[in-house]
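Start from the sequences, fold in the hints, and give me the full structure.
Take any residue in the sequence shown, count from 1 to its spot, add 40: that is its number in this note's numbering.
Computed list of lysine to any residue pairs in SDA-like fashion (alpha-carbon distance at most 25 Å, straight line): (1) K236 x L358; (2) K469 x A390; (3) K236 x I279; (4) K352 x A285; (5) K88 x T123; (6) K352 x I314; (7) K88 x E119; (8) K88 x D98; (9) K352 x L258; (10) K352 x V365; (11) K352 x R393; (12) K236 x D200; (13) K468 x S400; (14) K468 x R393; (15) K468 x L434; (16) K468 x R396; (17) K337 x S382; (18) K88 x Q125; (19) K469 x Q500; (20) K88 x V49; (21) K236 x E247; (22) K352 x H277; (23) K469 x A436; (24) K469 x R455; (25) K468 x S479; (26) K468 x G478; (27) K468 x D397; (28) K337 x H294; (29) K468 x R458; (30) K468 x T448; (31) K236 x H286; (32) K352 x E247; (33) K88 x V100; (34) K469 x R396; (35) K468 x G399; (36) K236 x A193.
It is worth saying that the hints were derived from the structure and are not from the lab.
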Amino acid sequence: MHDSVSPPVPTLLEPVIAALRQVAGAEHGEVYFVGGYVRDLLLGRPGKDIDCVVVHGDPVAFLSAAAAELGWSAPVVFERFGTAQIRSDDCIVEAVRARSESYDPSSRKPRVREGSLEDDIWRRDFTANSLCQAMDGTILDLTGKGLADCADAILRTPLDPEATFAEDPLRMVRAARFVAQLDFTLAPGVLDAIRKVSDRIRIVSIERVMVELQHLLLADMPSRGLRVLDEGNLLPHLIPELVTAHGVEQGGYHSYDVFEHTLHAVDATPRNLITRLAALFHDIGKPATHALGPGGKHTFLGHAQEGAAVAKRTLERLRMSQDVVQSVTQLVALHLRPIQYSEGSFSDAAVRRLIRDAGSLREEMIDLAIADTRASSYPTVDALLELRARMDRLEAEGQFSRLAASLTGEEIMERAGRPPGPWIRAVKKALEEAILDGSIPPHDPNAERQWLDEHGDLLQDHPV
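Pasting the structure below:
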């Protein structure tokens, strides 16, 4: 099937597309634009990455000529994946030789041979991604379903879905990602096929899975993709800790069980990976801490601390960076404190403590609390907006500087007559708390010395 109507090229990509068309020709074989670039062109979505397939030609030679035309660096070749890539600060162009693949059921490594354009198109994951564009702008729909599925927002596999997913199990997670990212729905039979071969996801490296999950979490409605992972029985293989949230009732202002509340909270956060991950894990400690109190009241004592520990273990297993692990863990541990805020019950000292404990994650902490509240039936987030304004006001007034103690570690060691050690941090923390409480005036080292004289046990030679 062919469609001669080609959407306009995004302005940013015009010179790149022109250069690729300029160097494509007989010496490089037939070259086509394929995959997400063509799909997004038809959907009117801005994109900056271009995928090309080269038929009966050398993709490295093609990209070398394109790089020279554009004044870019020479191609980087990824032998393991059979691809080559050139890039600028704003754009990535990747090319691959048209190929046919077959898989051994026990391996994720395909047997690859050179193929025709038809071979390459039919082996792709979904019909919406199987569209290609010739250098003259003609859109080719070789499966006969890509254009219609793209227009109808349907995710369908070109071949039998069970075989498609068994061959490359990462396609199952990509299905969830595209449901969230593109607002597509799964064609009949696709979800059933995912369920049947869901255990195959275990042969895919967690690094590749996490690339897809991060795209999913940064979509407009990540809950749609998370539901596919859950209903397709992929979640037990990827994040089993979340599965235990099913059916855990909460009561009070909560309209949903812990799992449904979590999905609503993720949707309600700003599109930021740290905040979205924190929302995904903020109540992960609830299943383990759930109890029924007097009158059948649901309680979750210590769930923030339990959740922080679970989130840390889970994110480390998912090979997230330590910066991400630390930030998400900190937000999960803190997530209840802003929700407990009321203007009358929080002194300036209490607000300053929260500023200190949140550190650089202050905005994310408030965003998470607002999302957590909006994912329940609590009527308003006014108190959280007031807390945010109060934090800003205290910082603008310079009161946040009251957190710092004036005495140096060297003077504290001299007064105690003790060698360096972790005890110094504990003494400084005690001074800081006294300053916050107003027991010590700010920026008054003499008052700090006097306070230490009155609390000499802090300086004693015993474990602090």
